[in-house]
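Enquirer: The chain contents come next:
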Amino acid sequence: MTALLVVKGLTRYFGGLAAVTGLHFEVNEGEIFGIIGPNGAGKTTAFSMIAGSLPPSAGSILFRGKEIAAWPSHRIVHLGICRTHQIPRPFTGMTVYENVEVGFRYGGRRSASRGPVAAGIERLLEFTDLSPWVHTPAGALPTGNRKRLELARALATDPVLLLCDEICGGLNPAETQAMLALVRRLRDAGITILYIEHDMRAVMGTCDRILVLNYGEKLAEGTPHEIQHDDAVIEAYLGRRALARPAGGLEGRV
Amino acid sequence: MNAIASPCSATNRLPAGVAALTLMALLLVPHVGLPGNVIRLLLVTLLWVATSLAWNLLGGVAGQVSFGFAVFYGLGAYAAAFAINGGIHPYVAFAVGGLVATLGSILIGIPTFRLRGPYFAIATIGVNEAVRIVMSNLEITGGASGYRLLMTGRFSQGEHYYTALGMATLAFLASWYVMRSPFGLALRAIREDQDAAADLGVHPFRCKLTVHALSACLTGMAGGAFARYVAYIHPDGVFSFATSISILLMSVIGGLGTLPGPVIGAVVYSIVQEEMAVNFPQFHLLLYGALLILIVLFEPGGLVGLAKRIARGVRGRLTGGPGEPTAARVPLPKVES
Amino acid sequence: MGLADLLNLLASAVLLAGIYTAMSIGMTVIYGVMKMVNLAHAGFMMLGAYFAYEVSQRTPIHPLLAAVLAAPLFFLLGVAVYWSMLRRVPVADEPTLPSLLLLFGLWLVLQNIGYAIWGADDRSILTPLTMATFRFGAITIPIIRLIVFGIALLSLVSLHVFLTRTWFGRAVRALTQNREAGQLAGIDTRRMAMLAFGLGIAFTGLAGALLATLYSFTPDFGGSFMLRAFVIIVLGGLESFSGVAIGAIIVALIETFSILVVPASYQLAISFILLVVALLVLPGGIEGLLQRRRLLQ
Numbered sequence: 001m002t003a004l005l006v007v008k009g010l011t012r013y014f015g016g017l018a019a020v021t022g023l024h025f026e027v028n029e030g031e032i033f034g035i036i037g038p039n040g041a042g043k044t045t046a047f048s049m050i051a052g053s054l055p056p057s058a059g060s061i062l063f064r065g066k067e068i069a070a071w072p073s074h075r076i077v078h079l080g081i082c083r084t085h086q087i088p089r090p091f092t093g094m095t096v097y098e099n100v101e102v103g104f105r106y107g108g109r110r111s112a113s114r115g116p117v118a119a120g121i122e123r124l125l126e127f128t129d130l131s132p133w134v135h136t137p138a139g140a141l142p143t144g145n146r147k148r149l150e151l152a153r154a155l156a157t158d159p160v161l162l163l164c165d166e167i168c169g170g171l172n173p174a175e176t177q178a179m180l181a182l183v184r185r186l187r188d189a190g191i192t193i194l195y196i197e198h199d200m201r202a203v204m205g206t207c208d209r210i211l212v213l214n215y216g217e218k219l220a221e222g223t224p225h226e227i228q229h230d231d232a233v234i235e236a237y238l239g240r241r242a243l244a245r246p247a248g249g250l251e252g253r254v
Numbered sequence: 001m002n003a004i005a006s007p008c009s010a011t012n013r014l015p016a017g018v019a020a021l022t023l024m025a026l027l028l029v030p031h032v033g034l035p036g037n038v039i040r041l042l043l044v045t046l047l048w049v050a051t052s053l054a055w056n057l058l059g060g061v062a063g064q065v066s067f068g069f070a071v072f073y074g075l076g077a078y079a080a081a082f083a084i085n086g087g088i089h090p091y092v093a094f095a096v097g098g099l100v101a102t103l104g105s106i107l108i109g110i111p112t113f114r115l116r117g118p119y120f121a122i123a124t125i126g127v128n129e130a131v132r133i134v135m136s137n138l139e140i141t142g143g144a145s146g147y148r149l150l151m152t153g154r155f156s157q158g159e160h161y162y163t164a165l166g167m168a169t170l171a172f173l174a175s176w177y178v179m180r181s182p183f184g185l186a187l188r189a190i191r192e193d194q195d196a197a198a199d200l201g202v203h204p205f206r207c208k209l210t211v212h213a214l215s216a217c218l219t220g221m222a223g224g225a226f227a228r229y230v231a232y233i234h235p236d237g238v239f240s241f242a243t244s245i246s247i248l249l250m251s252v253i254g255g256l257g258t259l260p261g262p263v264i265g266a267v268v269y270s271i272v273q274e275e276m277a278v279n280f281p282q283f284h285l286l287l288y289g290a291l292l293i294l295i296v297l298f299e300p301g302g303l304v305g306l307a308k309r310i311a312r313g314v315r316g317r318l319t320g321g322p323g324e325p326t327a328a329r330v331p332l333p334k335v336e337s
Numbered sequence: 001m002g003l004a005d006l007l008n009l010l011a012s013a014v015l016l017a018g019i020y021t022a023m024s025i026g027m028t029v030i031y032g033v034m035k036m037v038n039l040a041h042a043g044f045m046m047l048g049a050y051f052a053y054e055v056s057q058r059t060p061i062h063p064l065l066a067a068v069l070a071a072p073l074f075f076l077l078g079v080a081v082y083w084s085m086l087r088r089v090p091v092a093d094e095p096t097l098p099s100l101l102l103l104f105g106l107w108l109v110l111q112n113i114g115y116a117i118w119g120a121d122d123r124s125i126l127t128p129l130t131m132a133t134f135r136f137g138a139i140t141i142p143i144i145r146l147i148v149f150g151i152a153l154l155s156l157v158s159l160h161v162f163l164t165r166t167w168f169g170r171a172v173r174a175l176t177q178n179r180e181a182g183q184l185a186g187i188d189t190r191r192m193a194m195l196a197f198g199l200g201i202a203f204t205g206l207a208g209a210l211l212a213t214l215y216s217f218t219p220d221f222g223g224s225f226m227l228r229a230f231v232i233i234v235l236g237g238l239e240s241f242s243g244v245a246i247g248a249i250i251v252a253l254i255e256t257f258s259i260l261v262v263p264a265s266y267q268l269a270i271s272f273i274l275l276v277v278a279l280l281v282l283p284g285g286i287e288g289l290l291q292r293r294r295l296l297q
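Chains as they are written, first to last, in this note's numbering: chain A, 1 to 254; chain B, 1 to 337; chain C, 1 to 297.
A couple of the hints might just be wrong.
Said to hold, decoys possible - Chain A side only, calculated, beta carbon under 8 Å to chain B, not exhaustive: (1) Val77; (2) Glu101; (3) Asn172.
To be verified - For the chain A half of the interface with chain B, some residues (derived, Cβ under 10 Å), not all of them: (4) Thr11; (5) Tyr13; (6) Gly15; (7) Ala51; (8) Pro55; (9) Arg75; (10) His85; (11) Gly93; (12) Met94; (13) Val102; (14) Gly103; (15) Phe104; (16) Arg105; (17) Ala154; (18) Thr157.
Don't read these hints as lab results, they were simulated from the structure. We put the beta carbon where it would ideally sit given N, CA and C, even for glycine.
Build the full structure now, drawing on both the sequences and the hints.
Expert: So this is what it looks like as structure tokens:
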């Protein structure tokens with residue numbers, strides 16, 4: 001498997017506080033790679049650095065072998081990496097159609113040609129179940145739809161690597177399942193997905209591999225099964241006493 | 001920083017028919033025997049229309065509110081005046097004015113567009129004032145006593161009028177085009193949320209510089225036309241903070257970010273200026289200040305916003321239901337404010 | 001250029017810095033708590049100037065005393081303005097266009113009120129002190145500048161005590177650093193905004209009255225000072241109270257000593273250029289506070 005994204009020694013300080021320290025991991029093409037960890041573990045910070053929203057204090061980020069650390073986000077989008085935001089940031093005064101249109105027209109990778117704009121946008125809206133709201137101002141959308149709009153916009157940039165930041169946050173179980181199904185369809189369509197999530201059940205069922213962060217550092221990395229039985233992870237999530245219990249790990253508890 | 005009005009590409013709200021009819025009516029003006037001072041008023045108004053439409057592209061559509069836009073008006077005025085006095089044909093001179101303003105916009109934009117919203121606004125005040133002071137002290141342009149144009153050719157009022165009309169039409173068409181184009185889409189995205197726009201591939205710095213250049217060019221040309229018309233310019237007129245504020249005011253009063261807004265605002269402003277100069281010369285600051293306050297507190301969409309609100313209320317009463325605009329399918333996506 | 005001349009310039013600069021600090025601190029208080037740039041600052045300075053003028057003309061009260069009296073009155077004025085207009089403007093973590101336009105509109109209205117009441121003629125406040133000077137070795141200082149400096153210094157000291165020793169003052173500092181945290185801690189941000197605006201206007205009115213004893217004025221008085229205040233607080237780091245003093249010293253020094261290099265009429269242009277440079281080059285002001293704000297791309 002080819003490593004699409006290689007992150008080495010990624011570090012970010014805010015004043016004196018280290019949000020992320022010495023992060024190493026690789027994401028392979030075609031996989032769904034999850035990043036989990038308690039609040040404040042540095043997940044979104046790491047994301048922001050990969051996506052170009054935030055420059056790293058140190059470290060390297062290689063995309064298809066190319067160093068992209070500290071690149072501005074619009075350049076990174078043109079390479080094929082796009083992110084969604086944890087708290088959706090729709091262009092509230094513009095319609096759903098126009099929101100997606102921005103991504104479609106400006107995010108496309110230079111090499112690809114994408115056919116007529118209107119058709120492409122409508123296809124994306126259908127895929128994300130936003131067609132009924134095509135001409136609604138984005139500001140009028142409820143949260144669930146705003147999350148889907150985030151996804152639609154990001155997809156409009158024709159990404160190779162999609163960074164999803166808590167895309168199921170605030171969704172009810174049914175909506176969550178629908179969203180996860182979407183994510184899996186995207187992977188099946190050839191998009192590699194880097195996925196931050198808080199909801200452990202969602203993550204365990206969807207991701208091929210998982211990285212666990214704690215206090216800005218890597219705690220563990222592996223398949224869902226490996227993670228659920230990793231001592232360090234169990235300790236971080238359930239406390240030291242859980243380690244003393246007989247085997248069972250984290251299944252069913254999270 | 002959000003514009004105080006939700007944006008609307010009111011482009012397809014304004015029936016092209018109305019615009020065309022207005023243009024035709026305006027074309028006929030010098031031939032219908034209107035008194036000279038009415039034509040003068042129309043002429044000055046048209047120059048304001050051009051300038052405020054230009055400013056609106058930067059401040060309304062792209063959301064970069066400049067409080068010092070007179071700097072481009074002045075640069076265009078002086079550059080054109082220089083050129084005319086140097087023997088260059090006026091129309092070429094106007095283009096020179098536009099070009100100088102454009103170059104100025106790049107020089108000014110490169111440092112100032114690294115700033116956001118209000119800090120950008122304050123920086124533009126600083127730039128404007130700095131240029132005004134320098135121009136007031138520069139010998140070669142006449143310093144504070146101003147610069148006089150040598151009338152190498154007499155121009156009829158009609159000719160001045162048509163020049164102004166041409167400028168206004170050009171600015172209108174440019175605005176109309178930008179607002180419907182993908183570029184306009186990018187500008188609006190920048191205004192809504194610059195970082196989110198960048199996260200989708202928009203290049204904010206380049207877009208801002210581009211629209212700045214376009215706005216400056218149109219304004220510079222209008223400044224040149226103004227210089228030729230008045231034949232005497234001085235720094236405290238064309239570079240003044242009052243001029244910058246007037247330009248800003250016109251778009252805010254009319255409707256920031258819309259297409260008809262700056263036009264309506266310029267017309268209202270001109271008429272009020274005329275009236276006030278005659279009857280209440282000492283109250284125009286009060287009027288503009290009060291207008292700004294009222295607009296911010298009660299109708300951020302300006303006159304266009306007010307009209308829409310009334311229209312929605314009327315529609316609601318006629319249909320007997322809530323006056324919400326329907327999401328009808330139109331060739332270009334529609335945005336309601 | 002003799003040593004005596006240099007010392008005199010230095011003395012001038014120091015005195016000017018004190019006045020500039022007092023003038024700018026009002027804007028800092030308002031910005032810190034409300035995150036609004038007070039574009040009406042000049043208007044309130046102007047009102048302070050005319051207040052001192054009227055009081056000193058019509059009563060036996062000395063203009064400098066009138067300036068001190070202005071402070072509590074302008075506090076009330078600020079509260080009234082907040083109550084009638086500003087509280088309707090939504091707050092944000094950064095200045096918004098509505099707040100800018102509103103305060104700017106207010107400035108226009110205040111100017112017009114000034115013109116309506118006092119006309120456009122130059123006014124000045126003359127006292128027996130105006131021409132008197134104080135000699136300290138080779139340095140000659142106009143006494144009135146010294147007194148104005150003294151009052152400004154006193155007011156700054158009292159502000160410092162207020163900010164550090166009283167509950168209200170600590171709440172102001174808390175809100176300035178982190179509004180959300182302040183709210184969570186139970187501070188009533190609306191009421192604080194009102195009081196902070198009042199406090200800011202009190203200082204602004206006082207500064208205007210003090211400056212009126214040094215310069216002549218018309219209803220558009222204060223515009224150039226307001227822009228200087230922008231430079232100062234940006235240099236000092238928009239929310240830093242001690243940074244204002246640093247910014248004021250820098251601006252005062254540059255302005256005073258620039259006379260040696262450029263004609264006096266360019267002084268203001270230098271301030272403006274300094275403003276743009278300050279906005280660009282000093283992401284944190286001298287105190288580095290702007291790091292947390294997305295001020296620069």
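Enquirer: Quick check on the hint: A:Val102 CB to chain B CB, less than 10 Å?
Expert: holds (5 Å)
Enquirer: Just to be careful: measuring from the Cβ of A:Tyr13 to every Cβ in chain B, is the smallest value less than 10 Å?
Expert: Given a least distance of 20 Å, the restraint on A:Tyr13 is violated.
Enquirer: Taking the closest Cβ pair, is A:His85 under 10 Å from chain B?
Expert: Since chain B brings a Cβ to about 7 Å from A:His85, closer than 10 Å, the hint holds.
Enquirer: Can you verify the interface hint for A:Thr11: is its Cβ closer than 10 Å to any Cβ in chain B?
Expert: violated (22 Å)
Enquirer: Under 10 Å, Cβ to Cβ, is where A:Gly103 needs to be relative to chain B, so tell me if that hint holds or is violated.
Expert: holds (4 Å)
Enquirer: Can A:Phe104 be said to touch chain B, with a Cβ gap under 10 Å?
Expert: Holds - the Cβ of A:Phe104 comes within 10 Å of chain B, reaching about 9 Å at its closest.
Enquirer: Does A:Gly93 hold up as a contact with chain B if the rule is Cβ-Cβ below 10 Å?
Expert: Nearest chain B Cβ about 4 Å off; hint holds.
Enquirer: Given a cut of 10 Å on the nearest C-beta pair, is the interface hint for A:Thr157 held or broken against chain B?
Expert: holds (6 Å)
Enquirer: Identify whether the interface hint at A:Met94 stands, where standing means a beta carbon of chain B within less than 10 Å of its own.
Expert: Check passed: Cβ of A:Met94 comes within 6 Å of chain B, closer than 10 Å.
Enquirer: With a cut-off of 8 Å on the beta carbons, see whether A:Val77 makes it to chain B.
Expert: With Cβ-Cβ at 4 Å, under 8 Å, it holds.
Enquirer: Given a cut of 10 Å on the nearest C-beta pair, is the interface hint for A:Gly15 held or broken against chain B?
Expert: A:Gly15 check fails; min Cβ-Cβ to chain B is 21 Å, beyond 10 Å.
Enquirer: Could you check if A:Ala51 really has its C-beta closer than 10 Å to a C-beta on chain B?
Expert: At 7 Å from the nearest chain B Cβ, A:Ala51 passes the 10 Å test, so the hint holds.
In summary, the numbered hints that this structure violates are 3, 4, 5, 6, 8.
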